[in-house]
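Colleague: Guided by the hints, dock chain P onto chain R, whose structure is given.
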Amino acid sequence: MKFIHTSDWQIGMTRAFLSQEAAARYSQARIDAIRHLGQLAREHGAQFMVVAGDVFESNQLSAQTLSRCLDALNSVPVPVFLLPGNHDPLDASSIFRSKTFREQARGHLIVVSDSNPIPVPGLVNVEVVGAPWFSKRPATDLCTQALKTLESAPGLTRILVGHGQVDSLAPDQGQPGVVSQAVLEQALADRRVDYVALGDRHSLTEVGNSGRLCYSGTPLVTDFDEVAPNQALLVELDADDCQLTPLDTGIWVFLAEQRHINGPEDLAAFAHWLEDIRGKECSVLKVGFTGSINLALAAELDALLEDQSHLFASLKRRERTTDLAVVPDELDDNAIALSGYAEATWKALLAQSAVDETASDALRLMYRLAGGAAGTHGGRGA
Amino acid sequence: MKLISLTLDNWRGVSHSQIDFDDGVTLIEGPNEVGKSSLVEALRMLFREKSGSKKQQVQAVQPVGEDVGSSVSAEVRCGEYHFTYAKTYNRKHGTELRILAPRAEQLTGDDAHNRAWEILSSHIDTALWDSLLVEQGKEIGGVKLSDSDGLARALDNAAGGSGVSGEESALFGAVQAEYERYFTLKSGKPRFADEQLRVADYTAQVASLRTRGQELEEDLRRFEGVSAEISRLQRALPELKAAREQHTERWAAVDSLQHRLAAREDELKPLEQLLDNACGQWEQRQQAGADIARRSAELEEKKNALQPLAERAEALERAVKDAESGLRGLRDRRRELWQARVQAQQDVSYLQDAAELSRLQQLLDRVQAQRGEVEKLRENLAGIHITAEGRKAIQAAATALEVARRTRDNAATRLDVEALQGLELQLDGESLKLSAGEALERRVASALQLEIPGLARLRVTPAVSAGDLAEEVESRQQELDDLLARYQVGSVEQAIAQDERRVDTEQAMQAARGRIDDILQGSDEDSLQAEYRRLQQACDDALAQRDSALPLPASAQEARARLEEASKALELCEADLERKTGGLEQQRGELARAQADHQQANTEANALASVLDEKRASLKRESEARPDATLEQAVTEQQNRLDAIAGELDQLRDELKAADPESARLQLDNATKAFQRAERDIIELEQEQAVLTSRLDRAQANGLFEELEHAEQALEEAEDTLAATERRAAAAKLLWETLNQHRDASRQAYVRPLRDGIQSLGKIVFGSDFDVTLAEDWTILDVTRNGQTVPFDSLSIGAKEQLGILTRLAAARIVADDGGVPVIIDDALGFSDPTRLQSMGAAIAAAGGEAQVVLLSCTPGRFMHVGDVGVRRL
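Here the protein sequences come in this chain order: R and P. Number 382 marks the last residue of the first sequence (the numbering used here); no jumps. Number 1256 marks the last residue of the second sequence (the numbering used here); no jumps.
So here's chain R without its partners, still in its complex pose (with noise of 0.2 Å):
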């Protein structure tokens, strides 16, 4: 038997780096992510798959944006299980329940509502036990509360689809709702289920050792500091085996990057780095620099950037860890010819750029408008 554990696809979730067009196209990914999925399935023979959780990045989407996504669903040739998370709970205003939903979703599509076990169409003696959230703010270990009731029974393949940190990763294991990894661990060992589908962890991740608690992480990344996204689990569940399969699901990529910059060659080095990147479209980027340039090579990375930034879905500086050093030296006073009350005021923004960043900007700019910019083939920064 073989199914797609994946979770966290936070249909609707925007960044707010990003600009419109970006915007517009990630989260088009995010949908596409969804086809993938159905095509994987296909390819893989999975016969159904299970979302654990945050399905959707809110519970107050727009119809558009639903709809696109259902009708990306409806497209998934195998069963779906769709499990209500702390951002989509399964309470008033549930996206669930919306109309929306209730008209364009298919049959092939089970919200997981309770912990009653699922049979899964077309599959015998497969069930889905799921702990659905009911609110943002859950009282109690959900997965733990769908166990208490779930008698073993022999003979039937039992998926239990959860969402939440498990205490062994959960920053804070005093959160009501952190979900207790032993008592997942004792269910599985008493095979009242046969597998754990976890979903909140946006990295995939595989919990204990038992090789059947996993989180798939999101199949489309969604930030900087995730380890592992944009795969899913293909799980196949055999009488005593258990099979794991991460599959690529996303060529989205966030990169923080942290670069140190004091002449030509770094700055080339960079350019370099830059121009490796494949998939430029779908990268966003944010960069720290360090170290110390002069007017001509600010010019030239300013210029580096301005142009880059049309290529990738973002490039951004990371302000909060960019200390860099703009020194006029010799060379930037060659290029430029500065006479009379000109010269007097380029010194004395030198002497002030030391201590005052935008005296560092006006020279700068003094330099580009007395032409020492005109060898590189940066524009005006405007």
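The calculated BS3-like cross-link candidates involving lysine-lysine, where the alpha carbons are at most 30 Å apart (straight line), are:
| id | chain 1 | residue 1 | chain 2 | residue 2 |
| --- | --- | --- | --- | --- |
| 1 | P | K1115 | R | K347 |
| 2 | P | K1182 | P | K1145 |
| 3 | R | K316 | P | K1115 |
| 4 | P | K384 | P | K437 |
| 5 | P | K703 | P | K685 |
| 6 | P | K1115 | R | K286 |
| 7 | R | K136 | R | K148 |
| 8 | P | K703 | P | K950 |
| 9 | P | K571 | R | K347 |
| 10 | P | K1002 | P | K685 |
| 11 | R | K347 | P | K568 |
| 12 | P | K962 | P | K703 |
| 13 | P | K651 | P | K1039 |
| 14 | P | K1039 | P | K1055 |
It should be emphasised that the hints constitute simulated quantities derived from the structure, not laboratory data.
Modeller: For chain P alone, kept in the frame of chain R given last:
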């Protein structure tokens, strides 16, 4: 740049005009309208306006009424270039540039125009060119040189500056352009307000969406709470229902007991009514007896009270009578006193009248005496008939008679007889005796006859004229005699004497009348007489009426004292009378009241007595009909029946008390209410749940989350954009400000050479102690002359103009080595006096040594003091 020559054809009113310019100063003289200003205009237009221009100012140069093109042609040396440049405007327009050096070149059309402009602008500072041109009719005061790059460059050289590239202007322009991308040049207002606005808009939008999100959260929480409450209430409902039924049963038992009790109580009510009636009747009978007793006691009391009231009325009546008689005595006394006062008043009057009478008596006596005197004098006058006129006439007549006599006598024959011896003779019958030696003399007026008896008879007869004279005498005599007779006097002397006496008498009479007037002192004697008679009558009447028994007061003073005394006594008496009259009125009032009281008491007593009689009769009748014993028995019977039922009621009430109806009722109410409340709460909560559901459904469909995400994204994008803009703006601003600061500082350094230039020319004009202060933009701030410093603006128009020209000349001298620009002065110095013109001439000549100067003037001789000058006359 040097102008070599300029030619105009068909330019406004000028059909043809050619000027060759000197290297130094060229003076172009000519009357108004001859086309001097057209030279300047044509020179400017030649370089600025393309020949094909349709500008109004270009079209304006066409001569009026002539359909011909207007041409201007100039020969110019500019740096290494030497060229002639010609343009024809309007009709058959065209441009031609012929470069003679350094390489021969010939261009036409726009190429020529662009090439000429290129040569010009690469060699001279066109801004300075504009500044150095003094155009007729334009303001000629201060000069704005600060926009001139060429001047700056020249000044920098003069200031010893090094390496001026001349590109500052370009950089400055670029920086200004950059600055102006972000700020307005004048006020420094940011131009990126729309970006700021966008951030603000998105911030507000995000805030509003977050609020809506929070409201949604609230609704969700509430929905959860409401749902939990509904299920709790539904679980509790059966329990509440059971409790309500239990308490309903208990209440039913209590209720039946209460009904029985109420029925018994209903029976009790008619019995109580009967008892009340019996009691009432018995009580009424007893009260009737008591009433009669009370009334008879009251009557007795009234009767006893009557006697004192009667006595009091009598006493008051007596007192009133006494008071009335006392009052009568007092009234008599008042009458007496009043009469006494009248008498005293009369006495006072009488004495006053008597005194007045006596005074009048004396007065009238004195008048009477004077009257007698007058009468006597009048009698004296009666015998005198002479008047002043009479006397004068008599005297005149006497004189006339005398004159006549003398005349007659002188004219008459005179008879002188001298007796030689005693003799007797007769003269006209008159016997006369003459002794010896005696003489007789006679006038012979008429015939005279002298007879010496015996001896002779002599007759003497006068001439006839002697007779006329005699008649005259007689006539005069007759006149006199008539007058004397008329005035009844014997002689002239008597007439005089009598007249004297008349005059004296009349004077005496006048004096006597004056004395009468003095005595009367303006009064009329008749009225005094009347007054005298009235007073006489009054005094007589007073004495006649007066009681002769009473002694008359000795004096007026005494009389007044008596009057005062009488008045006081009367006043006292009247006050007493008034007081006593008041007292009497009061007593009469009291009496009336006392009598009324008595009457009232008497009436009341009578009324009481009659009522009492009636009551006694009535009681007697009733007692006969129903004796007291019957009534008393009825009361006892009814009381016994009532007591029996009351016992039964007490028993029932005890039973009810034991059942505790109060708490049974309360508990039933409570249980009912609790049940109803639960039901109502469920309904209300379900309604709220429905409302929340619909609201949540709506919110769900709104896609609030996405909207918020989009707004947040837009906000972040806008913030990033704004931050970047602000950063660039700050850099541009700092650069702009720093550049300006240093430019101003360097200008300040440039100011000195220009100041020196102006000063050296100014000394020629304004004297050796002349000095100027320049602002950083090279305008003149103030001027020092003869030890006094005054602001430029407060100088006279003439001085301003002179300084303006000097500034231009100084600037032209400074740039003379560096490209050079001609100074063209069109019809200036109209406000300068001859002395100033002379010194300005010297200054212009001095400047002309280094720079080309072109003077245009319509006033011959204005620039005659410019020494080295080439004069052209138009």
